[in-house]
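J.: The residues making up each chain are set out below.
Protein chains: 2
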Amino acid sequence: MSLLVVGSMAFDAIETPYGKTDKIVGGAATYICYSANQFTNDMKLIAVVGGDFPKEIIADYKTRGINTEGLQIKENEKSFFWSGKYHDNMNQRDTLVTELNVLGDFDPIVPESYTDVDYLMLGNLQPAVQESVIDRLPKRPKFIALDTMNFWMDIAMEELKSVMKKIDCLIINDEEARQLSGEYHLKLAAKKIMGMGPNTLIIKKGEHGALLFKEDKIFFTPALPLEVVFDPTGAGDTFAGGVCGYLAQTDDLSFENMKRAIVYGSAMASFCVEKFGTEMLVELKRSDLEDRVQEFVDIVNFDILVS
Amino acid sequence: MSLLVVGSMAFDAIETPYGKTDKIVGGAATYICYSANQFTNDMKLIAVVGGDFPKEIIADYKTRGINTEGLQIKENEKSFFWSGKYHDNMNQRDTLVTELNVLGDFDPIVPESYTDVDYLMLGNLQPAVQESVIDRLPKRPKFIALDTMNFWMDIAMEELKSVMKKIDCLIINDEEARQLSGEYHLKLAAKKIMGMGPNTLIIKKGEHGALLFKEDKIFFTPALPLEVVFDPTGAGDTFAGGVCGYLAQTDDLSFENMKRAIVYGSAMASFCVEKFGTEMLVELKRSDLEDRVQEFVDIVNFDILVS
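If you read the sequences in order, they're chains A and B.
The number in this note's numbering is simply the position in the first sequence, starting from 1, with 193 added.
The number in this note's numbering is simply the position in the second sequence, starting from 1, with 193 added.
Isolated chain A (complex conformation) (with noise of 0.2 angstroms):
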């Protein structure tokens, strides 16, 4: 099934407690797109660039088999450009510089020959640009999913209500979910915002690991317990697009199948961490993919027959 992602391409430069790094590309898209194509090569990209924006990663992107000609590039213009600096606690980062450069008058364009999108991924973007893909998609895909951030929540929630009600699927954080319902305990909250529109909630947890929730049925996988979290910068994006990959991968929307996402979309997230930006994610083979799930098997596997 083909997957289209739609989301910021950008240059981040991260500090961590292990180092920093000068601009190096980033972004919700890019992370999103590698993650995804480890399950799937049949994809396409929304997204907008500047002329900075390094040609070979394009290239790059074409050659794993993703349609860039949603790709608007704009010569004379700057990447989105995103600076921060995580502590010890990598569940919390200060942002230092944020530049909207071609992002702040992103106008999506839905090329022609984008007609047979099945699965959607939009990544976090200001919730009208998100609700106008929807709307400029000539069908409506048979799986939307949507992350969205608490800076959404704060300066435009009537936006993001709105996009709510055409998605199946939220993916936010557990304070995002917080936020978003008013109700601290997240099985409350997580029944609240379904009552807005998405019937399917991915909470992210971070080093927590992540739950999901289907109507009234609930899923939780952890985060494997690394022994270093270099770089935390797109595990949330890398988590979304294993999850979305997965699932236009195998087509299958069952509760038992999204448990099988969420668990790939963990091993993906924590292949991200382990060095600095998609260092990781461009390398990685299909059989570490698979060992790492493995992991996860043995980490929450467990036998009891209850009486």
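To be clear, the hints were calculated from the coordinates, so they are not data collected in a lab.
Misleading hints may appear alongside valid ones.
Identical copies look the same in the list; a pair holds intra-copy or inter-copy alike.
Said to hold, decoys possible - The calculated DSS-like cross-link candidates involving lysine-lysine, where the alpha carbons are at most 30 angstroms apart (straight line), are:
#1 K385 to K278
#2 K248 to K359
#3 K398 to K410
#4 K248 to K478
#5 K385 to K398
#6 K354 to K410
#7 K384 to K358
#8 K468 to K410
#9 K384 to K468
#10 K398 to K380
#11 K271 to K216
#12 K398 to K384
#13 K267 to K255
#14 K384 to K278
#15 K358 to K335
#16 K278 to K398
#17 K410 to K478
#18 K216 to K359
#19 K468 to K478
#20 K468 to K398
#21 K380 to K468
#22 K213 to K271
#23 K248 to K278
#24 K478 to K384
Following the hints, complete the assembly by docking chain B onto the known chain A.
T.: Okay, now just chain B, sitting in the frame of chain A:
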């Protein structure tokens, strides 16, 4: 197999976002005993209380098959008292009052009848007091578990290191594991801590579940997502009591059985937090426990064929 429980028996006064209590019965040994008692009634107790401690609680212990010969009652003194307040994030609390009273010079007495102790659970106490119980037992139990806290790491680290050399299993929370090891990532922390004595380490992460490390193997169980966490007091002790009670009942220290023990401990803790103090534990039926364990099975169970 017989289980000896050592720890505080006390009064607590608790304030949470959901309400507050007057002085109610609490203390590590109290929670551990009620929890372990779901699994075994071959139990012994070592603790100290003042003349103010309710005689009907002690009578109830005897009814439940708990040998209280090792419980010292100092009629003219007062029981340990703790008062605390929880905020929205139930993982954090402020201590308002700590009155050591009888616990200040607690010198545990091992009655002559306590000869056949197979399993020993040392609840949180001064490490030298915990060690004295091990040293005073006529023969070493086949399994010794110990709970401790950051307070003892601050003021009695050498005592703690000494008793850690004599135990099989350490049960602490994530922040304590970080403090004890000097390592942020829990997998590294676990390696260091297991180099200090215990071959098994359980790291409690509150609402984020628990990790079991034994030699080079790891197991993770989540906490159940609950709609209400009413009062987390005693959840850690209830967890530990469930783990040790299940191990004493099954008398199987294999990694596979320890996994089951962690799941039963987590299920017990999930009941504890649903009402104030020991209220849920006192009334709990085994059939309710089995239903809840089934919820744990359902929430983590998935089926992947790794290629």
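J.: Against each hint, give a clear statement of whether it holds in the structure.
T.: Hints and how they fare:
1. K385 to K278: between (33 angstroms within a copy, 28 angstroms between copies)
2. K248 to K359: neither (34 angstroms within a copy, 62 angstroms between copies)
3. K398 to K410: Both. Shortest intra-copy (18 angstroms) and inter-copy (23 angstroms) distances satisfy the 30 angstroms Cα cut-off.
4. K248 to K478: Answer is within; shortest intra-copy Cα gap is 24 angstroms, inter-copy 66 angstroms.
5. K385 to K398: both (18 angstroms within a copy, 26 angstroms between copies)
6. K354 to K410: Cα proximity of K354 and K410: one copy only (23 angstroms, versus 45 angstroms across).
7. K384 to K358: For K384 and K358, only the intra-copy Cα distance (15 angstroms) is at most 30 angstroms; the inter-copy one is 48 angstroms.
8. K468 to K410: between (35 angstroms within a copy, 24 angstroms between copies)
9. K384 to K468: Answer is between: at 22 angstroms across copies they meet the 30 angstroms cutoff, but 36 angstroms inside does not.
10. K398 to K380: Close inside one copy (13 angstroms) and across copies (18 angstroms); limit 30 angstroms.
11. K271 to K216: Answer is within; shortest intra-copy Cα gap is 13 angstroms, inter-copy 64 angstroms.
12. K398 to K384: both (17 angstroms within a copy, 24 angstroms between copies)
13. K267 to K255: Within one copy only: 19 angstroms inside, 80 angstroms across.
14. K384 to K278: Answer is between: at 28 angstroms across copies they meet the 30 angstroms cutoff, but 34 angstroms inside does not.
15. K358 to K335: Intra 15 angstroms, inter 59 angstroms, cutoff 30 angstroms: intra-copy only.
16. K278 to K398: Intra 19 angstroms, inter 25 angstroms, cutoff 30 angstroms: intra and inter.
17. K410 to K478: between (33 angstroms within a copy, 25 angstroms between copies)
18. K216 to K359: Answer is neither; intra-copy 36 angstroms and inter-copy 52 angstroms both fail.
19. K468 to K478: Classified as within; 15 angstroms inside a copy, 49 angstroms across copies.
20. K468 to K398: For K468 and K398, the Cα distance is within 30 angstroms both inside one copy (20 angstroms) and across copies (26 angstroms).
21. K380 to K468: between (33 angstroms within a copy, 18 angstroms between copies)
22. K213 to K271: within (22 angstroms within a copy, 57 angstroms between copies)
23. K248 to K278: Classified as within: same-chain Cα gap 27 angstroms, cross-chain 57 angstroms, threshold 30 angstroms.
24. K478 to K384: between (38 angstroms within a copy, 29 angstroms between copies)
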